[in-house]
Every structure is written in C-alpha cells, then in structure tokens.
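Undergrad: As a plain string of letters, each chain reads:
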Amino acid sequence: MDLLQFARGPALTWAATVFVFGITWRLVGILLLQRSPDFSEARNATSWLGAIKLIVTRSWPRREFRQRTLFAQSVGYIFHIGLVIIVFGFAPHILFFKALTGLVWPNLPSAVINLTSAITLAALIVVLVRRLSHPVLRLLSNFDDYFSWLVTFAPVATGMLTVAHFGARYETLLAIHILSVALLLVWFPFGKLMHSALVFISRGTTGALFERKGASI
Amino acid sequence: MSTADIDSIHPLELDQPRFSVKNPAVRYDKQGELPDVQRVELAMRAFVKDFGAVAATYLESCIHCGMCADACHFYVATEDPKYTPIWKLEPFKQAYKREAGPFAAIYRVLNLKKKVTVEQLEAWQELIYDSCTMCGRCTLVCPMGIDIASLVGLARHGMNQAGLVPHELWAVAERAQREGSPLGATPKVFKDRCEWLADDNQVDIPVDKVQADVVATMSSIEIMKYPDSIVATAKILNHLGLNWTFRSDGYEATNFGMLSGNSAWQQEASMKLIHATIAAGAKLLILPECGHAYGAIRWQGANIYGKPLPFRVLHISEFLAENTQNGAIKTKPLDKTLTFHDPCQISRRGGAIEAPREVLNGLGVVPIEMKDTRGLNWCCGGGGGVVTIHRADPIRYKAFQIKMRQVDDTGAELLVSSCSNCRQTFDDGQDHFHWDKTMLSLLELVADNLEEK
Amino acid sequence: MNEPDTLGAGLAHSGVSRRSFLKFCTVMASLMALPPGAAQAMAAALSQAKRQSVIWLSFQECTGCVESLTRSFDPTLEQMIFEMISLDYQETLQAAAGEAAESARDEAMKSSYGKYLLIVDGSIPTKDGGVYSTVAGVSNHDRLIDAARGAAAIVAVGTCSSYGGIPHANPNPTGAVSVSDIIKDKPIMNVPGCPPIPSVIAGTLAYFVTYGKLPELDHIGRPKVFYADTIHDRCYRRPFYDQGKFAKTFDDEGARNGWCLYELGCKGPTTYNACATIKWNGGVSYPIESGHGCLGCSEPNFWDKGSFYRPLSTPLADNAHIIAAGTLGGIAAGAVAAGLSRKHQTHIGEEK
Ligand code: SF4
Ligand code: SF4
Ligand code: SF4
Ligand code: SF4
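Residue numbers (my numbering), protein chains in the order written: chain A, 1 to 217; chain B, 1001 to 1453; chain C, 2001 to 2352.
Since the hints were made in silico from the structure, they are not lab data.
Fair warning: this is a prediction, and the values are worked out from it, not measured in the lab.
Errors might be hidden in some of the hints.
Straight line, CA to CA, 20 Å or less: simulated SDA-like cross-link-like pairs of lysine to any residue [unchecked claim]:
#1 K98(A) to A2324(C)
#2 K98(A) to F2250(C)
#3 K2343(C) to L31(A)
#4 K2248(C) to V75(A)
#5 K2248(C) to W105(A)
#6 K2245(C) to N107(A)
#7 K2224(C) to R138(A)
#8 K1283(B) to A42(A)
#9 K2245(C) to P109(A)
#10 K1113(B) to R138(A)
#11 K1097(B) to G191(A)
#12 K98(A) to H2321(C)
#13 K1097(B) to K2343(C)
#14 K1097(B) to T2346(C)
#15 K1097(B) to I2331(C)
#16 K1307(B) to A42(A)
#17 K2248(C) to H93(A)
#18 K1097(B) to A197(A)
#19 K1371(B) to N114(A)
#20 K2248(C) to G89(A)
#21 K1097(B) to N142(A)
#22 K2248(C) to N107(A)
#23 K2245(C) to N114(A)
#24 K2245(C) to W105(A)
#25 K1082(B) to D145(A)
#26 K1082(B) to P135(A)
#27 K2224(C) to H165(A)
#28 K2224(C) to P109(A)
#29 K1082(B) to N142(A)
#30 K1114(B) to F143(A)
#31 K1114(B) to S141(A)
#32 K1082(B) to R138(A)
#33 K2245(C) to V163(A)
#34 K1209(B) to D1249(B)
#35 K1097(B) to A168(A)
#36 K2245(C) to L103(A)
Take a look, some chain C residues computed to stay more than 12 Å from chain A by CB distance [what the hints assert, rightly or not]:
#37 G2008
#38 A2033
#39 L2034
#40 A2041
From the three backbone atoms N, C-alpha and C, an ideal C-beta is built for every residue, glycine too.
Only chain A is shown next, with the shape it has when bound in the complex (with noise of 0.2 Å):
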C-alpha cells in the first residue's frame, strides 16, 4: 500500500469514522444534559422566533460594535468564505462529497479556485498574527487555537500545491492532502471548529431565552 492508497483508504476511513463519533458524541452529551422549565410569565410566547432572529443577526455586528470589531470580522469573513468557496466548489472535492453522498453541484472554475485560496491562505495567515499579536487574543488562545488554526491552513495550503504539482510528485502531495484533510476531521469534533455545529445551538439558545424576555438580542 502506498502512501496515497493508505491516504484515500484507510486514513479516510477512520478519520470520518472519529469524525462522526466525536461530533454526535459531543452534541449529544451537551443537549442531554439537564433543563429545567421556565414558570416566568412570558414576554414573547413565540421564543423559536428569536432564536431565528439571532441566528441571522448576529452574523453581523451591530452598530454599536462595528468600529471596534470591524477588522477582526472581515478577516474572519474573508476566511470563511474562502474555505466554503474552496471546499464546496472545487471539482474534485464535489466528486469526494458525492462519494459520500450522491449529491453533486456545478463546480467553479480552477482560475477561482486558486485566487480563493490565495487570498484564503493569507486572510490565515493574518487571523494567526493577530492572534499571536493582540493582548486579548493572546490571553485567551490555548493549544485548542494555534492547532485548530494549523489543521485549517495546512489542507489549504496542501491543497495548492498538490494543484500546482509544486514540491514533490502529484501522488504524494495529494496523499500529503488528503491526510492533512483526515487530520482535521480527527480533530474536528474535540476542539473549536466545533462551533460550525455549535454556533447554530448557541445563537438559537440565547436568541430562544432572550425572546421569550423581549431582551436585546
């Protein structure tokens, strides 16, 4: 077995297998944990709303906030965007999803492609300066930050060279790749990238509580 064959076969294997394990795991052992019931009498009986409108809103800053945090939110943006872009538009990563499961979309041309993750790679690059620069982010950065951020860059990263068939052969780089991709999903359910599925839980909850309040959410 080569290292390519071992990389599509059972690194990818195991990898989505700890993937779904951990992301059920996790989301289950959170949601199960006690509620107890709300006996106040309700502002806003229609709470479900609120937890829709956060969900939404909070996607941008508000006025208030928006000088402080402007920057922070664009990089983060940029990046986020790019990785969707990246993820859900190259052809070959649709034929990976359809593998998985039977859907398929247009892809984008490879031109877009590869300005994405340029700009991609360097909105990361960016993100970890700052991170390693800003006294608050500084603090508050653990290993959970600085890895989570190097298991995000590297299949980017990886994943233009294998494009441009720099570095090494093509079989290696795409093997390099797609190990880089198995790395993230083993690492995707115990650190922050979680909060892809937990920004949903945690919006919707406040947004729910808040509502039923008719606090500012």
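Model the placement of chains B and C with the ligands on the given structure of chain A, informed by the hints.
TA: Then chains B and C with the ligands, alone, in the frame of chain A:
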C-alpha cells in the same frame, strides 16, 4: 464571627454618595475557616450542580475571538486584557471541561485540563465580582451568542460556596439575610420611615394592609438614600385610586444573595416578596426602581417558587407606562430636554425597553438618545454589586467615564433613569468627577409632575 | 538461431536498409531525449556491437507484453529488436520446444555467463513452494534465481514482473511477487505497463546494447527517460483540467468536447508513463485520446486502488457502514457522558 463582630468589622457607611459598608482597613475576602482544598471542592460542586444544557452549550462554544472585550466597559476603559469577559470565566471553563463536559472523562484521565486551584479562584475574585456588572453587553457582541453574563452569575455560586466573596459584597449580603436589608432598612426602620414620610408629605402610605390588590416594594437604596421614591410611589398609586399596600414582611426588593452568589439567601429573599404578595391576595407586584430586583423576581421568581406566580410582576416603569398609555396617569408637560439611561437589567436583559420612553412621552418629552442606547447602552459600571466594592472604585470610575461622555454628547439638560443602583453609581461618579449632571428618577419625575385630577 | 555476429551484418543479411536503421536510431535517441549526435553514435555502436545474448523468461503472465511487442504496427521495430539481440530462449517465440529448448537455454547461460541480459515478464508465485507456475517441473522462483546468477542485468518487462501486477492483486492467491522482490544483487530495470509501450521496450534495449549499461532509473526502478512525467503532465486534455472543465459521463457534452476525464476516474495525475508523448500503435493515439481515463497500469498495485472509474479525490472505501456505526457510537457515548454528569449533579444536590 459573631453578629456584633460582623457589624463592627463591616460598619455601614450611609453618609457618602454611595451606600455600602465602610472601606475596610483590612479586607476579609475569604469567608469561613475552610482548608483550601475544600474551598475548591465546594466551588466546583456548586458550579457543576447548577450546570445545565444551556451553560454547557455556552462553555463549549467559545471560539476565543476576543470580541466580547470590545463590548465590555471594563476592558474598553482600561484596555487590560484580563477584563475580557470570557476570560473572567477561565477557571470555570476549565472546571467544566474537566468535570461536566461530554469529554470530561478524557480531560480527567489525560489531565489535559488541570484541577482548578484556590490561588486561581482567589485571583479570579476580582474578575468575577469587581469587574463584571453582569450587564450583558458582551452577550450582544459575541458571534457565538454566548450569554457570558449568565455564566458569571453561575460562577458566583461557586465562589460563594468557596467563601471567596469580596469583603463588602459578602457583608451586605449577610446583613440582608440577617436583618432583611443590606443597608439597615429593617422592617422597623422601613415602617418608621413610611410613617414620618407620610406625615412630612401629607400623603397616605399604607403598610401591612390585610388585603390589597397591589403590593408595592422598595429597594433599600431608595429607603435609605432616596426616600422620596417611597413618597412618589405612594402618590402615584393613591392618585390612581388603587387598593395597595407595602408589606413589612416583603418590601425589600434588592437581592444581595443573588449578587453574591448565595442561592439559599437569594431564594429566601425572593420568597419573602412572593409570600407577602400572596398573603395580601394581590394580583400585582410592583418592583421598584432597581435593576437586579427585576431579574430576580420578574424572570427568576417563578422558577424559585417552582410554578407560575399567581400574580403579575411589573417594574415600576412598566406600571407607569401602562397607566400613562391608558390615560389613568396625566402629567404636566416637562419643558426640558432629557436623556434616558437604560438600566441593563431592566432594559437590555429585562426586556422593558420601551416602557420608560412611553412614560417620558407622556411627560411630553422625546428623550435625546445616547449614541449607544436601549439594549446596547453602556452600563453605569455599578451593577452586579460592583458599586459596593471599594476595591473596584478605580476601574469603576474609568468605566463611568464612557457613560459620562455618552451623556454629555447628547447635550440634554436632564438625565433620567429607572434604577436606584444606577442612580447612586451616577451620584458617586458625579461626586468623584465633579460632574454637572445629576441623575434623576423616572418615578419621581412622574410623581412631581402629576396633573391633579 | 545461427545468424551473423555483428548487428550491422545481421541487419544487412535480413534486408534492413542502412537508411531505415539510421531512422530507428534517430527515433530511439529522440525518444530517450539523448543529446544531439547520439543517434549517430548509437548507430555506429549498434552496427559494431556483437548481438546481445538475451534470455527471456516468462512466468505468471498473460503474454500481453510479448503481444504488445510483436504486434507493434511497425514490423521493422520488432525486427530491429530481434536483430539487436540474440534471443537464446523465449518460450513463446522460439521454434524449439521441450528438452531442446531447455538445453538451448542452459547452453546460452553457460556460454554467455556474466554477460547475458535476462528479460522477465510475469510475476513469480511464491506460495506453496511456487507450485502455481512451473516450467519443466522447476518453479519460476527457482528458475529465476538460477538464471539471474549469470545475468549482466535484468529487465522486468510489464507491471507483473516489475511490481507483481494483476497476479499480485488482492487477495493474491499465488503469493505473486516481482523480480526485484527476489533478486537483490543484480541491476534490475523495470519497464512497467500493462502492457508496456513497444517503443519503450525497444528503446531501453537499444540503450543497453549501445552503452552496455542500464539507463538512469527512478525510485521504483523505471528508466527515467520514459517514466519521468505523469500522463497528466503531458496530457493534451490538461488545459481543460486546469480550467475545471470535466466530462461527467462518457457520452455527455464534455466528453464530446474532449474535456478532462478526471471525474470519470482518470489516474493520469498519479501515473508515470510515456503514453501521452509516445502514444500507442506507432503514435496514433493513446487511451485518453480514445476517450477513456488512464488506469494507472504502470504503477505498483494499480489493480488495488479502487475502481478505475473512481476519481482520485474520493475515498477508496465505501464508508457508509462504518460512518453509520460511528454515529450510533457517538450518540451512545454522548448519552453516557450526559447521564454521568446528571447523576453527578443529582448526587451533589442530594448531599446538601
Ligand atoms: S456582563 Fe457587562 S461587565 Fe460583565 S463582562 Fe459582560 S460587558 Fe463586562
Ligand atoms: S465574543 Fe464570544 S466567542 Fe468570542 S471570545 Fe468572547 S465569549 Fe468567546
Ligand atoms: S484526462 Fe486524465 S491525464 Fe488528462 S488531464 Fe484529465 S486527469 Fe489528467
Ligand atoms: S494510459 Fe495509463 S492505463 Fe493506459 S496504458 Fe497508459 S499508463 Fe496504462
């Protein structure tokens, strides 16, 4: 420590712009004689016990983006990273991951998250108490929607169990538990005050009526520092011709048990109001101009009672708004420009955001809004018990400057709010900075301008 | 086989003109990207060279490689090769059979000991004492060891002798291995492909005859001159790949437009071979040009790398079951974790 000791170590200070206990020469920020290991153990147990799916969701979700810092007046005023809201919960996040989270077993076995130490908790006392008013502004910026303020409330349970409440906050909470009021407004003091206020002002102030439709309550800050509020409340309720009363077994609406993190004391204080209202057969409980009282009774009351409350709960501003809008209260127009400070617990976190504005409209004024207003207002810096803590004064004053700037920028002549704790924080800030603005009470403003029938 | 001794004389004898001989040398030299003037040198060297004694052993194979060589469109190529060498033993091609053939081989092995070139096609079964392929009662394994002893070098022709090939494919019932798995002390050149391109076989032989040594090899023993680039590197459909234009089925618009076959499972990007440059059938076409993706036949284990129609960027295995199991396991683990936390909480609650 005997009661006499407590009173001599923590004497009240009622002649300053801010009412609390005197600035202690020696601080007792550790209560009881527990060994340190046990303190940590108790803290963690209390923290874990109150844990539910909601808090877990929050603690799991933080992405360490640091944006909450930009919403918090204590960080913005000092730019000191330790005042980053979520950092204030660091030991509790650590404890949660180790003790209660879905991967707790892994964290414990591999010791990936260390056990919290008493040194950590002691170091965090300043962050959990002195530098968080639980104003919830950070909650509104967090891209993950984490309600950080509620977590600080939970963390205080742990700190209280560990006996790590700041000197002054513990002292007032203890006094409230013992005497029924944190600032010496015992039932006897309250009744006496009502009596002489009634005489002085020629107004009927019913106390302990056997049956009443409405039970009114007061905050000890009002009773001791702003007694005019008692008169104002009586005037308005009499004006409306309601069958109402104060009750000496349930008049004190502040809840320092809640602010210090003592659930048992919180429960006892809340149950007093609930039982008194039920005993009077009242259909309505009016909460005074006090922010945290609103949260304690309006939103937590029924849950402490264990079932829906058999009466309505309104903040005085909501009560005034209802009666202004239905025309029962008529006021003389106020010929002044004015700005309104939203008390965090009533507006942002309580949901009574428009009520005070409706009342002001009744007075013929449209308030000049501050740049950040309503749910997004900046906290005065004194809530959550912070104003009682002398040690917190320096950062509180720094944070207060944000507020002063906002008020000054409106250019309004008058400054009004509907929380007596905000009011005393403003008084204290005014005194400290020799500021020209005096905080007024919405309630008193209405009472003073009532149109006689 | 009793022909004249030098190659030049032999060619003249069999009626190959000097002109076509030079053309052959030029083609070979250019295929191998040899420096200018090499064709002349090659021609000179070749015509003077004594015909190289070659012993060709066929083991567990399908004869496709020999077919490829002999069926090559250009009769002169085949002719060239057989003029270059004195094929002293080749079961498929030789006239002799049985004991006569065996003794011819033994004779050549003795007379050219240390000088003959050993060509092998087919893999070597090793399970059960190698019983799965024997010639004259001798297992392939033993025969290989015996023949390798006196060889100057060994050329493994085809993927089977190079890397095990199809017999080696999972579950490999015969325990098939490659030449280099057994022989460790001789220079071995792999000329993989299933089958290899005829000109590649010819070129490498010409090189050995001309220079008396094997050309430079890559990390898995292939002559770099032919195996340095991937099919994908040289594929004429590459511009479509770069633009992200892919045929989705074999008969769609994209397929008709000649778009890239990556999505249809083409293994070109990971396959090192000369198909895209030299092409097949004398340069007429090659599989991708004929509308089918590369199968990766010149790579080790090409048979075990998932379906030929599974794109390279997809997982090899069908993960549905294990993923479903993982999900259920996660739910269980989560429920247990939450249950423990709750129990812990009630416990603390009751203590108070
Ligand atoms: S609740 Fe208010 S004071 Fe506390 S951390 Fe958040 S913004 Fe700061
Ligand atoms: S804003 Fe929210 S997600 Fe960001 S660091 Fe603060 S609590 Fe964490
Ligand atoms: S058809 Fe195959 S070899 Fe040609 S460009 Fe596409 S993937 Fe590469
Ligand atoms: S195109 Fe690929 S599979 Fe086809 S012969 Fe060439 S290397 Fe082998």
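Undergrad: Hint by hint, note whether the structure agrees.
TA: Hints and how they fare:
{"no.": "1", "hint": "K98(A) to A2324(C)", "in the structure": "holds, 17 Å"}
{"no.": "2", "hint": "K98(A) to F2250(C)", "in the structure": "holds, 17 Å"}
{"no.": "3", "hint": "K2343(C) to L31(A)", "in the structure": "holds, 15 Å"}
{"no.": "4", "hint": "K2248(C) to V75(A)", "in the structure": "violated, 36 Å"}
{"no.": "5", "hint": "K2248(C) to W105(A)", "in the structure": "holds, 11 Å"}
{"no.": "6", "hint": "K2245(C) to N107(A)", "in the structure": "holds, 9 Å"}
{"no.": "7", "hint": "K2224(C) to R138(A)", "in the structure": "violated, 51 Å"}
{"no.": "8", "hint": "K1283(B) to A42(A)", "in the structure": "holds, 17 Å"}
{"no.": "9", "hint": "K2245(C) to P109(A)", "in the structure": "holds, 7 Å"}
{"no.": "10", "hint": "K1113(B) to R138(A)", "in the structure": "holds, 19 Å"}
{"no.": "11", "hint": "K1097(B) to G191(A)", "in the structure": "holds, 12 Å"}
{"no.": "12", "hint": "K98(A) to H2321(C)", "in the structure": "holds, 16 Å"}
{"no.": "13", "hint": "K1097(B) to K2343(C)", "in the structure": "holds, 17 Å"}
{"no.": "14", "hint": "K1097(B) to T2346(C)", "in the structure": "holds, 19 Å"}
{"no.": "15", "hint": "K1097(B) to I2331(C)", "in the structure": "holds, 19 Å"}
{"no.": "16", "hint": "K1307(B) to A42(A)", "in the structure": "holds, 13 Å"}
{"no.": "17", "hint": "K2248(C) to H93(A)", "in the structure": "holds, 14 Å"}
{"no.": "18", "hint": "K1097(B) to A197(A)", "in the structure": "holds, 18 Å"}
{"no.": "19", "hint": "K1371(B) to N114(A)", "in the structure": "violated, 43 Å"}
{"no.": "20", "hint": "K2248(C) to G89(A)", "in the structure": "holds, 16 Å"}
{"no.": "21", "hint": "K1097(B) to N142(A)", "in the structure": "holds, 14 Å"}
{"no.": "22", "hint": "K2248(C) to N107(A)", "in the structure": "holds, 11 Å"}
{"no.": "23", "hint": "K2245(C) to N114(A)", "in the structure": "holds, 15 Å"}
{"no.": "24", "hint": "K2245(C) to W105(A)", "in the structure": "holds, 13 Å"}
{"no.": "25", "hint": "K1082(B) to D145(A)", "in the structure": "holds, 18 Å"}
{"no.": "26", "hint": "K1082(B) to P135(A)", "in the structure": "holds, 9 Å"}
{"no.": "27", "hint": "K2224(C) to H165(A)", "in the structure": "holds, 18 Å"}
{"no.": "28", "hint": "K2224(C) to P109(A)", "in the structure": "violated, 34 Å"}
{"no.": "29", "hint": "K1082(B) to N142(A)", "in the structure": "holds, 15 Å"}
{"no.": "30", "hint": "K1114(B) to F143(A)", "in the structure": "holds, 14 Å"}
{"no.": "31", "hint": "K1114(B) to S141(A)", "in the structure": "holds, 16 Å"}
{"no.": "32", "hint": "K1082(B) to R138(A)", "in the structure": "holds, 11 Å"}
{"no.": "33", "hint": "K2245(C) to V163(A)", "in the structure": "holds, 15 Å"}
{"no.": "34", "hint": "K1209(B) to D1249(B)", "in the structure": "holds, 11 Å"}
{"no.": "35", "hint": "K1097(B) to A168(A)", "in the structure": "violated, 41 Å"}
{"no.": "36", "hint": "K2245(C) to L103(A)", "in the structure": "holds, 19 Å"}
{"no.": "37", "hint": "G2008", "in the structure": "holds, 42 Å"}
{"no.": "38", "hint": "A2033", "in the structure": "holds, 19 Å"}
{"no.": "39", "hint": "L2034", "in the structure": "holds, 24 Å"}
{"no.": "40", "hint": "A2041", "in the structure": "holds, 32 Å"}
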